[in-house]
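Visitor: Residue numbers (this note's numbering), protein chains in the order written: chain A, 1 to 305; chain B, 1001 to 1478; chain C, 2001 to 2411.
Don't read these hints as lab results, they were simulated from the structure. Treat the hints with caution; some may be incorrect.
[To be verified] Below, computed lysine-lysine pairings styled on DSSO-like, alpha-carbon distance capped at 30 Å:
no. : chain 1 : residue 1 : chain 2 : residue 2
1   : B       : K1175     : C       : K2124
2   : B       : K1156     : C       : K2194
3   : B       : K1423     : C       : K2315
4   : C       : K2215     : C       : K2402
5   : C       : K2051     : C       : K2124
6   : C       : K2315     : C       : K2367
7   : C       : K2324     : A       : K121
8   : C       : K2392     : C       : K2097
9   : C       : K2322     : B       : K1413
10  : A       : K141      : C       : K2286
11  : A       : K141      : C       : K2247
12  : B       : K1413     : A       : K121
13  : C       : K2323     : B       : K1423
14  : C       : K2324     : B       : K1423
15  : C       : K2124     : B       : K1171
16  : A       : K121      : C       : K2081
17  : C       : K2349     : C       : K2081
18  : A       : K141      : C       : K2194
19  : B       : K1198     : A       : K102
20  : A       : K121      : C       : K2286
21  : C       : K2322     : C       : K2392
22  : B       : K1423     : C       : K2286
23  : B       : K1130     : A       : K102
24  : C       : K2392     : A       : K141
25  : C       : K2215     : B       : K1171
26  : B       : K1423     : C       : K2402
27  : C       : K2074     : B       : K1423
28  : A       : K121      : C       : K2322
29  : C       : K2124     : B       : K1423
30  : C       : K2247     : B       : K1156
31  : B       : K1092     : C       : K2410
32  : B       : K1171     : C       : K2218
33  : C       : K2247     : B       : K1423
34  : C       : K2324     : C       : K2096
35  : B       : K1156     : C       : K2193
36  : C       : K2191     : B       : K1156
37  : C       : K2247     : C       : K2191
38  : C       : K2193     : C       : K2247
Keep in mind the model is a prediction, meaning the values are calculated, not measured.
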Amino acid sequence: MNWDLLPQQLVIGIQLGAVYALIALGYTMVYGVLRFINFAHGDVYMVGAYLAYYTSMQWFDRNSMNPYVLLFVMLIISMVGCAILGLSVERLAYRPLRTAPKIAVLITAIGVSLFIEYGGKFFFKTSPKPSISQDVNVFSKPINIGGITLDGSQLTVLGVTLVLMAGLWFFVTHTKTGRAMRAVSHDFGAASLMGINVNRVVAITFGIGSALAGAGGMMNATAIGTPLDPFYGLVPGVKAFVAAVLGGIGNIPGAVVGGLIMGVMETLIVWLGYGGYKDAVAFVLLIVILLIKPSGLFGSTVEKV
Amino acid sequence: MAAITAPYSSSKFWSVRFVSLIATFLGLFAVQLFIIPQLNNYDIRILTLGLFMATLAVSLNIINGITGQFSMGHAAFYVVGAYAGGKLTADKFDQVGLPPQVWLLIAVVFGAIVAGIAGIVVGLPSLRLKGDYLAIVTMGFGEIVRIFINNQDGGKQAFFGLDLGGSYQLKVGEKITQFWHVGLLLVITIALSRNLLKTIHGLAFLSTREDELAASAVGVNTTRIKVAAFVLGASLAGAAGVLFAHFNNTVAPDDGSMAQSFLIVAMVVIGGMGSITGAAIAGFALSIVPEALRRFPPISAIDLMGIVLGTIIAVVLANVIKKQSFTSSKGWSSVMTVLGYVFCLVLAFAAFKNFQSSVSPVIKGVFILLALFTLISLLFTKGKASLPGFGYFLLLLGVVVAIKFPISAVLHKIPLIEDNLSKTTYTPSDLRWALFAISLIVIMIVRPQGILGHHEWSWSAFGKMFGMNTPNKEISAK
Amino acid sequence: MKKSLLLSALAVCMIGFAGCTPKGSDSGSTSNSSGGSELVGRETPDAEGNKVEGDTIKIGLIASLNGEQQPWGKDSENGAKLAVEEINAAGGINGKKIELIIEDTGSKAEGGKSATEKLVGEDKVVAVLGEVASGITLPAAQVCQENAVPLIAVGATRIDVTQQGGSTFRVCYTDDFQGAAMAKYAYEDLKLKKMAVLTDRKLPYSTGLSEVFVKAFKSLGGEIVAEENYESGNIDFKAQLANIKAKNPDGLFCSGYFTEVGPIARQRQSLGLNVPMLGGDGWDSKDLLDSGGEGIVGGYFANHYHISEDRQEVKDFVDNYKKKFGTDAGTAMAALTYDAAKVCFEALKNDPELTSKSLISAISKIKDFKGVSGNITIGPDGNAQKPALVLKVEKTGFVPVKQIPFFEFKG
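Produce the entire structure from the sequences given, and follow the hints as far as they go.
Guide: Set out below in structure tokens:
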């Protein structure tokens, strides 16, 4: 154990947490309204990463374009593409199951997830495992502050996550649609009796959630450069879900805090020298938190668990 | 309640049970002695794996279906058992020198106990958590088990220098398990869960599922019931795991991956939550069908597009027709049923004809059974159309096949598609996961309670299918 | 409930008694004890094996056409298809055509076993080619040994794969050699004295390779200052890299696949850990250049061959591959599968009996076969004794820097 390393590791953990938090935001929104685990969320994230890849590496000439413009175009294409995907999944697979038992919806979500993964195999005609080139990412320069190294691109992700969180929070609490969303989240049946078009609200939620996943996929694929494959979203998806539950699912700041806590915990276990157990930490933490406070850190106490 | 307990507590009931157990045992033994030697290793393997998955599905059904505790980490119990029993054999088998099958029994009991303890560990959170949260915790438990095993290779990351082969695999070395061992475990698992449902104890489990608050109000110790369900389901899965370890010779951490757990949950849900029959059949079928797809010839990309477009057109057409008034008449549904069965027969015949001569008797048998079943039920339903939904579905299938050809022909004429895709082919085994995903979604939308719902297989239901009217003595779960 | 439990217990006891009878234990024992033979686990199988019937010789290929290792599976499939097409165009073997049957393993050990059982038991192939991954090859090798069918492994570098029985061979080198060769290269050529090792716990390949590297580097007199772990699927490695940086190593050995090595290289650079990176054949993919960016430039890894090599076999293979599939021969797995198939054909030519059992001894006699991935001599342990090629990662691609001839390393 090297105590001098602790500040550096904490900083690394927060940056990693930002990655999880961005995906967790979309998870938490959908759960908040529909109360089911959208397992396909991780796969929407994967599609977002692929769209970003196509945009930057195939559809546009990245050498002749202003890199900032290119990043913005990537972001827009990923978000719009994923929103469309999310809306169609909601319309085709989830809406017919509105009144079905929860477990049926969950199994459908697993089915959708498998379908996007294995169907993706036939659609993504790229080199086996493509990745977005480093020169697309203009934020990649490391920043040194007093012996602690900060990663420019991951700091950008953290910044974007916080901005999106603030925007979402404003949207949910200060707009009419947001109020409708909260009403649907509170009581599905009563909301529809009050004249709220529930289907429209759910569709909007799915659209926004999926667009966030697309943004997450684009930003993480660009910042980290992990080679893409159709199973790219599986592990981050599950971890992001754990982060969302950790912070109290359905709670927007909770998702971000949950993601950051998870990032820090994962980093600390590596710092202790047990890098092989890194993935288990998330789940141990989850079990402990759920046993102490079943609704998560920030979840409302009246949560119907 | 009295009506339920009276016939089943009589001594006749138990003697029937006992005789049927012995009969099953002898039957399995006969299968092992006379039928198994006729098959090749591959057939034996896929049949045995089918039994494993059926056992897992039925044992998960105790937790998910009967008690209503949503567990998504069932494969973890399976690998816990497999590693416990496998490690015992790898370390101790040569030293002890017992006959293999006696040793197997010891290993199975040991593995079941270890998995049962794991069941208690996982069951305890279920006292506080429900629904999705419990699902996530059990899923997390599955991942923790997998990661734990990954790191136990006797190296620096391992706890107490434990060597389970790490991410590679644990070599068990001894292939002891035979087909009938697994069959017997499946029978025991089915018998246990069936007896659980039939006796008064089962009602406590069912009431915990239906309404926990009400159950505890009438004096059911729901805490005990929930943990008991977890322990029972886990130890049965653990026993299956031990048999698997001695069947496969090696165990890998991936055997307990999240995907495997999802698959088992899917089996239970597709079969019908709470239905033992459904879980067993779905478990067996979902394990066999992907393997059976290996035997089909590749399909060209354009044909595939034709099928997809054909399905969309057929579904749209069906929806249009459904809205017409004449479809509500009785005659219509009979016609639908008959047409559907005819198409089914034609399909079965076509599939049968297309097989190469080397195709194994098992698959042929399945198709012959399907055709026979169709024919018999067609003859005996006497126009009552007991299965119009099924017939309707089959008709749809027939329409898809029929309109696929013109669509594919048109697609071949489009230069853009012809140039890019005319040479691309997909093998059905490549498509199997996508197919599985689609059928999962479709089944859940069409029939969210699962194919069998809460129903169980029984002689009276079987008779009813053929028009016989026998009184139903079963207690319905709902 | 009590009665039902009692009955179940009774039934379980009956299994126990029945177990004592010798009946039904016919397919029971396939023990792997090394019955007196010199080499560990290389005894000849006692089953009868499959025979060639009719005018076609059936050869099986197991490959991961689905799942995580799909890219390698695809390359492997292409390599085998090319080899079979060439041999059939040249008139087949002694007038008999080759029929290639491909089965998917789904990147899973269990799937690999089922696929092999199907090829061996139902299609009655006389030889099985594949798999790329060691973890999947091992159960497949067990099946082949039980049925006396030769298995020619493609990319399975884990040491114990060929210890499953005398019917298992491979056309690639082992981790024993690969790890030791890289240790030697690091210590002697690059003059690195203190190394850090980063291992992927989820990959049997990675754990095995790291183990050998650590042993070999220590035996040369070097020092391993840090050993860190991750799991494939992780996206952030900075925590491990920060730990490593604190130990001030001269070099970093990453035994994982390129999927994670790329991001590791980028993150290493952003943390200011400016030491050369080394690795094994799991790095072999052009995508490494994109995912690793500037961080991976200057890294070294061991590979089987390189498409720019100036040998006639390599040139022919690269040309024909491009002609048939329209792309460059991607990873070394295509070449290795091609070689495995060619080795199999060579053995078939020398085997008049044309049974799978006689094929086993024919394959074990292969000497100095000129393959795309180098000259292949099957040793008594079933492994191919062939050199490793160290490649350097440049901005535009991989450049061969040194060939390390075969030597034996006993850890």
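Visitor: Hints the structure violates: just list their numbers, smallest first.
Guide: 8, 26, 33
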